[in-house]
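Could you build all of it, start to finish, from the sequences and the hints given here?
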Amino acid sequence: MIEGPKVFKNAKEALFDVTDNVTLLVGGFGLCGIPECSIAALQEMGVKGLTCVSNNAGVDDFGLGLLLQKKQIKKMISSYVGENKTFEQQFLNGELEVELVPQGTLAERIRAGGAGIPAFYTPTGVGTQVQEGKETKVFNGRLYLLEKAIRGDFALVKAWKGDTFGNLIYRKTARNFNPMMAAAGKITIAEVEELVPAGELDPDQVHTPGIYVQRIFQGDHYEKRIEQKTIRPA
Amino acid sequence: MALTREQIAQRIAQEVQAGYTVNLGIGIPTLVANFIPPEKNVMLQSENGLLGMGPFPLESEVDPDLINAGKQTVTTVPGASFFSSAESFAMIRGGHVDLTVLGAMQVDEEGNTANWMIPGKMVKGMGGAMDLVAGAKHVIVAMQHTDKKGRPKLLKKCTLPLTGIQCIHQVVTDLGVFTIEDNAFILQEYAPGHSPEEIAQKTEGTLKVSSNCKEMSS
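Here the protein sequences come in this chain order: R and E. Numbering (the working numbering) for the first sequence: 24 to 257. Numbering (the working numbering) for the second sequence: 191 to 408.
Check the hints yourself; a few may be wrong.
Here are the simulated lysine-lysine pairs, BS3-like style, with alpha carbons at most 30 Å apart [unchecked claim]: (1) E:Lys-230 with R:Lys-171; (2) R:Lys-252 with E:Lys-347; (3) R:Lys-247 with E:Lys-230; (4) R:Lys-98 with E:Lys-314; (5) E:Lys-230 with R:Lys-157; (6) E:Lys-327 with E:Lys-314; (7) R:Lys-171 with E:Lys-327; (8) R:Lys-94 with E:Lys-327; (9) R:Lys-247 with R:Lys-108; (10) R:Lys-108 with E:Lys-311; (11) R:Lys-108 with E:Lys-327; (12) E:Lys-311 with R:Lys-195; (13) R:Lys-97 with E:Lys-230.
Partial selection, computed: residues in chain E whose CB lies under 7 Å from chain R [claimed, not checked]: (14) Ala-203; (15) Glu-205; (16) Gln-207; (17) Leu-240; (18) Pro-254; (19) Gln-262; (20) Thr-349; (21) Pro-351.
For each label pair, taking beta carbons as the anchor points, the in silico distance ranges come out as [claimed, not checked]: (22) E:Pro-309 with R:Ile-234: 13 to 21 Å; (23) R:Tyr-245 with E:Asp-372: 23 to 31 Å; (24) E:Pro-309 with R:Lys-247: 53 to 61 Å; (25) R:Glu-122 with E:Asn-373: 32 to 40 Å; (26) R:Lys-108 with E:Glu-196: 23 to 31 Å; (27) R:Tyr-144 with E:Asn-373: 25 to 33 Å; (28) E:Ser-400 with R:Ile-234: 54 to 62 Å; (29) E:Gly-310 with R:Glu-223: 34 to 42 Å; (30) E:Gln-391 with R:Asp-43: 24 to 32 Å; (31) R:Lys-247 with E:Ile-216: 18 to 26 Å; (32) E:Asp-372 with R:Leu-115: 49 to 57 Å; (33) R:Lys-71 with E:Lys-346: 44 to 52 Å; (34) E:Ser-408 with R:Asp-227: 55 to 63 Å; (35) R:His-244 with E:Asn-373: 54 to 62 Å.
None of these hints come from the bench; they were simulated from the model. Quantities reported herein were computed from a predicted structural model and do not represent experimental measurements. Don't be surprised by glycine CBs; every beta carbon is placed ideally from N, CA and C.
Take a look at the structure:
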């Protein structure tokens with residue numbers, strides 16, 4: 024096994040201090056690029072009262088849907104949750120708090136969180152429910168909303184390859200929210216399909232520099248479930 | 191004959207100019223890609239982090255790490271690139287995407303649209319729609335002219351929670367092609383066998399008929 028101060032054996036060991044009521048940033052878009060092993064560990068650990076920041080809420084029986092089923096999530100901050108019936112049910116019953124955020128605003132709020140920017144102005148959501156309760160300002164004749172940064176107690180991200188220093192390389196559209204979340208977690212836990220010794224990744228190809236990653240482990244048995252398999256005939 | 195979903199998509203594809211970067215929403219908008227000729231060199235942007243989206247994969251090409259914003263498996267075209275969601279929305283919000291096509295539940299004569307929520311009934315979220323309508327240079331809505339109960343969807347004022355204000359430039363429905371100007375829907379073309387009078391009856395918002403208005407060829 025590859026060793027190093029940031030390297031952990033598995034998800035359960037890497038998530039050892041995740042407790043009830045923390046805020047988690049969870050990478051992925053749909054089921055693509057989600058930290059499968061960390062989610063499974065959270066389910067096993069049974070931590071509750073979680074606030075999860077994630078673009079989607081998984082499907083009923085995979086991704087964050089697994090934690091919703093066990094009622095481990097108190098609040099979700101997401102942009103689109105249409106694929107999950109458990110979510111809709113719990114929300115309409117008042118069991119789950121939800122903050123719906125436009126996807127680009129969500130991405131930028133997390134990016135800002137990791138970059139030390141406390142808030143920023145955006146045109147997205149002007150004149151809609153998203154504007155309610157927010158400061159506004161006119162720049163060059165157009166109205167903008169002030170949106171605040173998001174940080175997390177932990178960020179759970181998934182990459183294709185990583186090294187013992189925590190450098191990460193993502194694959195294709197599995198990158199999505201993972202890089203911003205890696206930077207916005209007080210403690211960022213990265214799971215990778217392949218962990219290599221520092222020096223083996225080409226520095227020119229690194230997407231997330233290791234400074235953002237506190238813990239890393241190589242996951243196993245990636246299911247990588249496909250939500251909508253669509254093919255064209257041969 | 192009212193236009194089919196494919197015909198709506200085909201008509202919208204005519205609005206796509208050579209060299210455009212286009213973001214297509216879920217539903218009818220996705221079908222638009224099938225009608226854009228390759229010689230136009232159009233790049234499709236998918237907000238989950240892909241510029242240069244190709245057709246659905248062959249069974250042997252399916253890759254769980256390569257999906258579009260509708261979570262469907264896709265492929266890439268030569269010249270494609272991958273990036274993060276923050277980068278993706280920098281492109282969108284920054285006005286680098288030429289055209290967005292999206293579905294809607296309602297559009298009104300001011301160019302406001304609603305497509306993400308029915309209070310007390312449906313909670314899906316806005317996804318990237320609010321960013322797309324706020325940022326793209328040109329926004330076209332693709333939808334049925336009336337809802338399942340026959341009620342107009344082209345309204346004086348949207349009644350559902352809005353996705354964006356004064357952001358829709360054009361609407362293509364099964365009955366016609368409309369631009370939105372000075373608080374009115376301007377009928378530009380109507381589906382074969384239908385008439386401006388019939389369309390006016392099925393439109394709640396102010397409808398004007400363009401002096402160049404014509405029946406679409408069947």
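Find the hints from earlier in the document that the structure breaks and name them by number, from lowest to highest. 1, 2, 3, 5, 8, 11, 12, 13, 14, 15, 16, 20, 22, 23, 24, 29, 30 and 32
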